[in-house]
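Participant: Following the hints, position chain B against chain A.
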Amino acid sequence: MSITSKDDLLKKQIEAQEEINSYTCRILVCSGTGCVASGSQKIYDEMCRLCEGIDGVEVSMQKDVPHIGTIKTGCQGLCELGPLVRIEPQHLQYVHVQVEDCKEIVEKTVLKGEPIDRLFYKHDEEVCRQPEDIPFLNQQTRIVLEHCGNIDAESIDEYIAVGGFQAVLKAFFEMTPEEVIEEITKSGIRGRGGAGFPMGKKWSQVARIESDVKYVVCNGDEGDPGAFMDGSVMEGDPYKLMEGMIIAAYAVGAHDGYIYVRAEYPLSVARLKKAIAQAEEYGLLGDNILGSGIDFHLHINRGAGAFVCGEGSALTASIEGKRGMPRVKPPRTVEKGLWEKPTVLNNVETYANVARIILDGADWYRSIGTEGSTGTKTFSLTGAIENTGLIEVPMGTTLRHIIYDIGGGIKKGAAFKAVQIGGPSGGCLVEKHLDEPLDFDSVKKFNAIIGSGGLVVMDENTCMVDVAKFFMGFTQRESCGKCGPCRIGTKRMLELLQKITEGRGELKDLDKLEETAKFIQSRSLCGLGKSAPLPVISTLQNFRDEYEEHIVEGKCRAHVCEAMKIYEIDPDRCKGCTKCARNCPVGAITGEKKEPHKIDQTKCIKCGTCMENCTFEAISVK
Amino acid sequence: MLDKTYYDKADEVIAVYGRKPASLIPIMQDIQAEYRYLPGELLNYVADEIGVTRSRAYSVATFYENFSFEAKGKYVIKVCDGTACHVRKSQPVKDAIVKELGLADGKCTTDDMMFTVETVSCLGACGLAPTMMVNEDVHPKMTPDKAVKLIRELRGDKA
Chain A
1 MSITSKDDLL
11 KKQIEAQEEI
21 NSYTCRILVC
31 SGTGCVASGS
41 QKIYDEMCRL
51 CEGIDGVEVS
61 MQKDVPHIGT
71 IKTGCQGLCE
81 LGPLVRIEPQ
91 HLQYVHVQVE
101 DCKEIVEKTV
111 LKGEPIDRLF
121 YKHDEEVCRQ
131 PEDIPFLNQQ
141 TRIVLEHCGN
151 IDAESIDEYI
161 AVGGFQAVLK
171 AFFEMTPEEV
181 IEEITKSGIR
191 GRGGAGFPMG
201 KKWSQVARIE
211 SDVKYVVCNG
221 DEGDPGAFMD
231 GSVMEGDPYK
241 LMEGMIIAAY
251 AVGAHDGYIY
261 VRAEYPLSVA
271 RLKKAIAQAE
281 EYGLLGDNIL
291 GSGIDFHLHI
301 NRGAGAFVCG
311 EGSALTASIE
321 GKRGMPRVKP
331 PRTVEKGLWE
341 KPTVLNNVET
351 YANVARIILD
361 GADWYRSIGT
371 EGSTGTKTFS
381 LTGAIENTGL
391 IEVPMGTTLR
401 HIIYDIGGGI
411 KKGAAFKAVQ
421 IGGPSGGCLV
431 EKHLDEPLDF
441 DSVKKFNAII
451 GSGGLVVMDE
461 NTCMVDVAKF
471 FMGFTQRESC
481 GKCGPCRIGT
491 KRMLELLQKI
501 TEGRGELKDL
511 DKLEETAKFI
521 QSRSLCGLGK
531 SAPLPVISTL
541 QNFRDEYEEH
551 IVEGKCRAHV
561 CEAMKIYEID
571 PDRCKGCTKC
581 ARNCPVGAIT
591 GEKKEPHKID
601 QTKCIKCGTC
611 MENCTFEAIS
621 VK
Chain B
1 MLDKTYYDKA
11 DEVIAVYGRK
21 PASLIPIMQD
31 IQAEYRYLPG
41 ELLNYVADEI
51 GVTRSRAYSV
61 ATFYENFSFE
71 AKGKYVIKVC
81 DGTACHVRKS
91 QPVKDAIVKE
101 LGLADGKCTT
111 DDMMFTVETV
121 SCLGACGLAP
131 TMMVNEDVHP
141 KMTPDKAVKL
151 IRELRGDKA
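First to last, the sequence lines map onto chains A and B. For the first sequence, the positions run 1 to 622 when the working numbering is used. For the second sequence, the positions run 1 to 159 when the working numbering is used.
If we strip away everything but chain A, and leave its shape as in the complex, we get (with noise of 0.2 Å):
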């Protein structure tokens, strides 16, 4: 079937809400890749087997015929909860769901309406029935995730029937190329990749440019450890980067465009296919598009691993085919991208704001968020943290509220230490800056980025020397070499690192630490060369005495660092039982049988292998 027009895509939309509507259940299963991981095909599957069955055996005896839906959406959020199920439209949501429940579901909730108390989610010893009731999920706003958990992520009929493709409409029949930019301008909103660039600024300096070929290319290499915000758009909605995308083409006058997906992100580019595919059967994307005599093909590049190619000119430079590697700017990716022509390059979540902009219009926009940073932002909510899972929340809410409000607080009730956000290329937001808002232009001034929005959580058992060597390890690794001071730069601020972990640092090491950092900055040749000293001068500047403890004291005071921890065998528990003393690689350990063992520190080389085989937890670690 073809779209040809825009009375098509009305009469699309009216017939695809019908098909929903013919539901008397739909069973919503998040297949996100969190999801996923958990298990979550199995229950789509069982799902699928158990509801047919019913089908069969119910047709006889009921008068309704139930007619149950199975879908496969994109990530509701709660990872840590996962594998989660919906039930649609009584609106339960199930939490933890085992192929196990899938029968019990199915004959209570599905065909009865009962609900099954033991899988939902209790907060406080309440009982949360549905995903308004879980302070996790009530307190966003979700904007590019509207439709993500809502809709099956596979079908381009689900995204029409909720409004899908209405913003192209609008854009192709009641608005000029010029219009469009303005209301993109007028909104406010500025790239969510990193650097935080007004994205109405690019599209108008790309329009202005008298070019046959123009492109319009996504960044979806989100490279970031810790942060999935990205992939999760591409794999629970599709269709709405894409329809931005469209937009964005018919306003800077290109006819083909790309979506770079990271490597790692294999879901996302099979629903990213799929969703192109559906579009171009329907006549979305391709030639003539609704009947407006315009052209837009979109293809799709798969990563192959460089965490750089998140840079503008490394990533077109992959497209092409060639090593991704950064080049000298200007001229900028706006004026010679692509194959050295004009290229709007924005990232998915910018994308994925264009269609409600165009439809709800600039003033709705700017009344979310800040003045400086309009709009709302996704964060996904990682590592010391009670709730896990993707979130979105205007620009300008504050960290603790997206800590302890939504994400429920530190896990087992640790003590707060410290925030990554903006992955290698930001810093560290420590207990003082819970207050401030979060916003592009507040964090900058903490020596830290928004960055694409990974927010990692730290408690008291996170050596901060410990996570500015991680970070430090990821850019020096993933350094493309190119230029001097980001290639050898990197890898001497790491050396320094590793030998104050291992217990070798002498305080001088943190003024060359400084040192160093000032000089990569000034003179990468890039943004990711330039930000990468950014975790050592915002760890530096937080926790300079936990740096002063590894050095002077040779103490990490997380026990995280190896070097400095210390083996002790507890007298009480030890039961002379001689095990430890045979695997010690390096015989530190003595004692006679049946009498408690000591280990000689001078020789111990802190391998673990004593606490690890110690079947009477007598070896602790300080």
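For the record, the hints were derived by calculation from the structure and aren't laboratory data. Careful, some of the hints might be misleading.
Unchecked claim - Computed cross-link-like contacts, DSS-like style, restricted to lysine-lysine with a CA-CA straight-line distance of at most 30 Å: (1) A/598 x B/99; (2) B/107 x B/20; (3) A/508 x A/491; (4) A/322 x B/89; (5) A/42 x A/273; (6) B/89 x A/42.
On a predicted model such as this, the values are computed, not experimentally measured, just so you know.
Facilitator: The following block gives chain B in isolation, referenced to the frame of chain A:
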């Protein structure tokens, strides 16, 4: 000299993406997906066919982490050491796997070509850290014990 089937496969893949330099990366990806590594000889062939120099093809292949000139095991285990996984203790998981497979320093593929162990920076399932991926399947909330158990299960299907 590789078997003719390799060249047939390469032709097939080239036909999908087109004989142009920009197709280099997707072609290499599909070949690697087929053979679990990138045979150097085949890369030369592809380079000649799509009109890029061999040196350029090699420079691209060596730039990206996903390409490997060495054959990988039947199961490629990618242990995630992203920030969230790191903070939730992914290193002991990796250590346990390496120990279970008896991989000595630096080696990442077992002699029987069953397993290859790698570290990756983020799998995007941070909510369930620490995670790891076995081929295309993501395994959540790993512990050293769970990892060892999984490897033993995978080994079981060898027979």
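Participant: Are the hints correct? Go through all of them and say.
Facilitator: Evaluated hints:
1. With a C-alpha separation of about 26 Å, the suggested pairing of residue 598 of chain A with residue 99 of chain B holds against the 30 Å cut-off.
2. Pair hint residue 107 of chain B plus residue 20 of chain B does not hold up; C-alpha atoms about 36 Å apart against a cutoff of 30 Å.
3. The straight-line distance between the Cα atoms of residue 508 of chain A and residue 491 of chain A is roughly 18 Å, inside the 30 Å bound, and the hint therefore holds.
4. Of the supplied pair hints, the one linking residue 322 of chain A and residue 89 of chain B is violated, its CA atoms being roughly 36 Å apart against a limit of 30 Å.
5. The straight-line distance between the Cα atoms of residue 42 of chain A and residue 273 of chain A is roughly 23 Å, inside the 30 Å bound, and the hint therefore holds.
6. Between the alpha carbons of residue 89 of chain B and residue 42 of chain A the distance comes to roughly 28 Å, so the proposed pair stays at or under 30 Å and holds.
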